[in-house]
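As a plain string of letters, each chain reads:
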Amino acid sequence: MDDGRRKTVLICEDEAIVAMDLGFIFEDLGFDVIGTFATVKSSLQAIEEGRIPDIALLDVRLADGNVFPVADALADHDVSLIFHSGHAGLQEISREYPDASCCPKPTTARTIEGCVESLGMLTRTA
Amino acid sequence: MNDESDRPAERRAAADEVDASRLCIVGIGASAGGLEAISDMLAMADPDSNLAYVVIQHLDPDHESLLAEILSRKTRLEVHQSAGGETVERGRVYIIPPGHGMTIVDGRLRLTEFAQPRGLRRPVDDFFESLAEDQGRYAACVILSGTGADGSAGLRAIKENEGLCIIQDPASARYDGMPQAAQATGLVDFIRSPTEIFDCLQRYYSHMIMTETDSDLQEAVRDNISEICSVLMSSSGHDFSDYKKTTLVRRIERRIKVLNLQDAGDYLDRIRADPEEANILFRELLINVTRFFRDPEQFQMLRQKVIAPIVRRKTDEPLRVWVAGCSSGEEAYTLAMIIADELKAQKKTLDVSIFATDIDEQMLQNAREAIYPMSALVDVPEELRETYTIAREGHFQIPARIRDMVRFSAHNVTRDPPFSSVDLISCRNLLIYFDDRLQKATLPTFQYALRPDGYLFLGPSETIGRFDNLFTAIDDRSRIFQRTKQKVEYPKHLRTRKIDPRDTQSGVSVSRGRVQSNTMPGNVAERVLNTYAPPTVHVSRDGEVLASSGSLGRYLKLSLGRAESDYVQSVALPGVREAVSSILREPLRLGRRRKITGLRARSEFGTQEFDLIVDAMADGTVLLVFLERAKFEAIEDDDIDEFEPSDSHVQNLEHELQQTQSRLYTTVEELETANEELKSSNEEMMSMNEELQSANEELSTVNDELKSKVDQLTRANADLSNFFASTDLPLVVVDSEMQIRNYTEAVVDIYPFRGADKGRPLKQVTSSLEQDKKVLDAVCEVMESGEVRQLDVNDRASEGARNWSLLITPYRTSEDKVDGATLVFTDLTEATRLKTALDIEGERLKLALRVSELGVWEYDPETREIRVDDTAGRHLDADPERHGILPISFISDRLSRSETATIDEAYRASAEQGELFEFVFSVTDRRGAERHLQAVGRHVTTQGETTMLGVLFDVTKANEAAQIRELMLREMNHRVKNLFSIISGMLRVVGRHAETAREVVEGMEDRIEALARSHDLTQKKEGSRAVLLEETVRAALEPYAGHARTLVSGPRITVADTELTSLALVLHEWATNTSKYGVLGPLSGRLEVTWKPQDDGSVKLEWNEFYDERFEPSEERAGFGATLVRIAASQLNGAVSVDQTSEFRKAVLEYGKGHDFHG
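Top line first, the protein sequences correspond to chains A and B.
For the record, in the first sequence the residue sitting at position 91 is 91 according to UniProt numbering, with numbers rising by one throughout.
For the record, in the second sequence the residue sitting at position 783 is 783 according to UniProt numbering, with numbers rising by one throughout.
Don't take each hint at face value.
As the list claims (entries may be wrong) - Quick list of in silico lysine to aspartate or glutamate cross-link-like pairs, EDC-like style, CA-CA up to 20 Å:
1) A:K41 - B:E1150
2) B:K977 - A:D64
3) A:K41 - B:D1096
What the hints assert, rightly or not - Okay, the calculated bits of chain A under chain B, using three or more residues with CB under 8 Å as the criterion:
4) 21-29
5) 33-40
These aren't lab readings, by the way, just hints derived from the structure by calculation.
What you are looking at is a predicted structure, and each value in this text was computed from that prediction instead of being measured.
All C-beta atoms in this analysis are idealised placements derived from N, C-alpha and C, irrespective of residue type, glycine included.
Go ahead and model the full structure; you've got the sequences and the hints to work with.
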């Protein structure tokens, strides 16, 4: 997997500041942010356009609905998923998506790092 | 002795199978004092025995009888007053109703109307007679206390049919008349006190049933019968050994049962040892029933074929009739009546002698009295009744002129010498009792007694047998026979008869002109006496000549044939007479002889000197023996003269005597007349006495009943007094004058009565009631109308505040007459208060239900129906046509499957554990709206029926509100967390660009404030109105108001919640930038913020700064702020462009392309 290129991340988050913050965190972890999307629609469009990341951080509730269609589309492309939500119900999500990782809102950089690590995606270069 | 063996009752009884449970009917006759005796007797009775009881009591016909009521309290038996027609059943008591007689036919009671006036009625006799006829040996009669003799005749019938007779011990009876009279018949089986009677009955019947099947007993009796007959022979003098065996056996057997003996041997011992028992058996064997004009057709034929011709033929010689076996005399009197009537018809007078004979002295005594029960009167043909009977109280008598025609005497036709020269012999139903031998002996006796052309009249089942040479039939059917010319022989058996033991008992051997001797043949002794012995006269103590012998002509003046002269004093010649008279006047010492010497008897022929020996015999008679002392001195002529004066003296005396006699005769005649008058007065008195006695009986019965009633009344009165004393019910009783009759203590609160107020008019007592006058008026009204009235009354204001319900009822006497009124007060104060409170409470509840839209329902599991009120009906959207009654399916059909499961579970839990039933369900009404309903209920049990009662209410709105609240909470939670995310994110972002903590703080506080402001917008908005773009812009500019001329303008565009934060951040960054570096800060100029929607649905927002002075802008600061704006714009699905000149700065945000989330 370590093909030398930087790993990419896709962020679905409708709060601008949070999206920016998450982007920074992932950049700090050595990821290229290929997009932050506030809506399901724009996210699906990006996937359709072939912008498939290595990992995706998905806020469960987006401005135009639940993120699950996006999650399903990404899962089809074997993208590792991290769900990010303020809602209760992360348990149900991990039942639906057993391979996915979950982190509750508000989160910290360390939590995200833990999630990424648990997914085996942490390839911090020195 | 009359009887017949084929009576229907007897036949029936014999045919009956003997059944241990055969019903035995006990007739109970009682009168005065009977109530107590009946009660005592029936108190002991066992309802399970096979006995039934019929009580015949003399009752006052004008009054209801309480007898049944009183008796039913004393006995375990069922007591009924008979209404007629009942079939008598075991264990019950039937009581004669007042004013009726009673009979029994085929086991059913019948009421009869009395044919006789009061006082002549003998209901007990009547009933007993029908009972005997109907039930035979299964009938028993009991005679209890009472005056008079009712029952005695009926008892004879019972006994004749072989029933049982028990009487109350006269000593224990209040009035012993009836038991005494019954006892006098000699036919009573048991004499007991009332309490012992039941036991006695029970024992007799069980013995009867036990022995009935026992033919051994009959055999034993048969074996012992000759022994028993010989005992009877020696005790009564009558020989029954030639009587028919069957009758003898049956009657002896009955005695054995009565005495509760085991076998005939015991009985033989008993009868030997006990002369009284021998007498009883003798009388039982002679039990007989006879009647006037028994077999009327036969008598009709007799009158026509025999009596009429005889009467026609006779002129002066007497008509002689012999009635053999006359019993109590009915048959003899029947013949007497027929003869008297025939004489009247032929207008003749004849000397008629009817000799009526029987062996039963007691019967003969009854016959002589000629008094018969009224019930027998019907047997006498109506046309003869008037003339030949005299009605007495309760019975009738045969008038003296008929009685005088009949002579009753004790005579045994089989043994005693017969009468002679008889014109007619009537011997009915006697021969049937005789066996063959005795019958053969009797008929020749009759032939001997009859005149050559005399007649014999037999009973319907009797014949002359082989003796058709002695008699020829005149009318075969009527059993009338005539004597043939056959030579008559004195019946031989009568000559060789046995010595009558009664004659030897009497000890007086009376024989006229003959002395019996054992040592010499009779004719020799006679010769000696008449020829050689001194002349002797045997006289009684009074001087009656019993016998004489020898030549007495010189001592006595004999004129034989004149009965009146048979006294020795009157026949003695002068000289003898004086001595004899004085001797007979003196007391004689028995067994002693006296001799008087030197007497001279003077006859008209001469004088005889003699001695007189007076021998007083042991039996009280006297023997006078004349011993000649000298030769007879003939009277000389001279002597005759001497007699003359004395003769004339005698003549004078005789003349005087004659006069005296005629005076005496007149006097006697007068006396006889007076006597007759007295007699008739006496008869009247007797009949009055009878009436009084019967009235007295009725009165004592009534008295007994009244006593018992008085006891009850006393108790009832005591109960009432206690009630009055103890009740707290205010009650006043007033009489028809409205005077206070009685009141309870509790009424004193209303009417202040004092002890002496009883009898005071009610209106004089002022009550505490406001409606005093109205109450008095109402009382008057009630007494007039007789109808109950109810009034609501209350205390006068000054007295208190009590309310009363007053019920005024008419006071009715037992005759249903209104005699006053009863006022009953019921305190309603508490009730009224409760009612008001209840009304208010009810009103409140109704209001609460209405306001809360609570519906009430009740489910009945029996009918599976739900009863709902209007509100519940509305909730359930039930058709008003159903009137609030819905089948359970109305609900269950509308439930989903899970709801059905839930409701079943809830119902079961409520039914089993008594938990509160709670159930929420949804219904869709006819308009299609879904509503949620909640039902709450509980099982309640009223009057044994369990139903579920509960309420129903609409929870649609509450449910919606709850859902909204939950939604809001989730949203809030989300937002708060979002906010934390934003802030933590912002903190980290700011932290990346800051050098110092101061910078972080400054960077944070502005932005947090901006976010707060934008948040404010969402809170300030009214209702669900969306936030406008203009508001968002103004909010961003708010901290810089007045810093520059500012234009904010654009069409009305709403901002979605999702856009708001990003938009606010963009605007904040722009405003901050402008205040730091532009017209809101160091530069002068103006700011124009405008926006307009684009064709593709996006919004173009322009932020234009116009500088007043030219301004050379420095390099665009691509700092943190710019990044934030860019990200925010991308969040808004938009882009930002900036155009900077020296005269203006133009920042453009195009966002919301497609506006796809604006809806």
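Comparing the hints with the structure gives:
1. A:K41 - B:E1150: holds (18 Å)
2. B:K977 - A:D64: Within the cut-off at roughly 19 Å; holds.
3. A:K41 - B:D1096: Roughly 17 Å separates the two Cα atoms, so the pair holds.
4. 21-29: holds (count 5)
5. 33-40: holds (count 3)
When each numbered hint is compared with the structure, no violation occurs for any of them.
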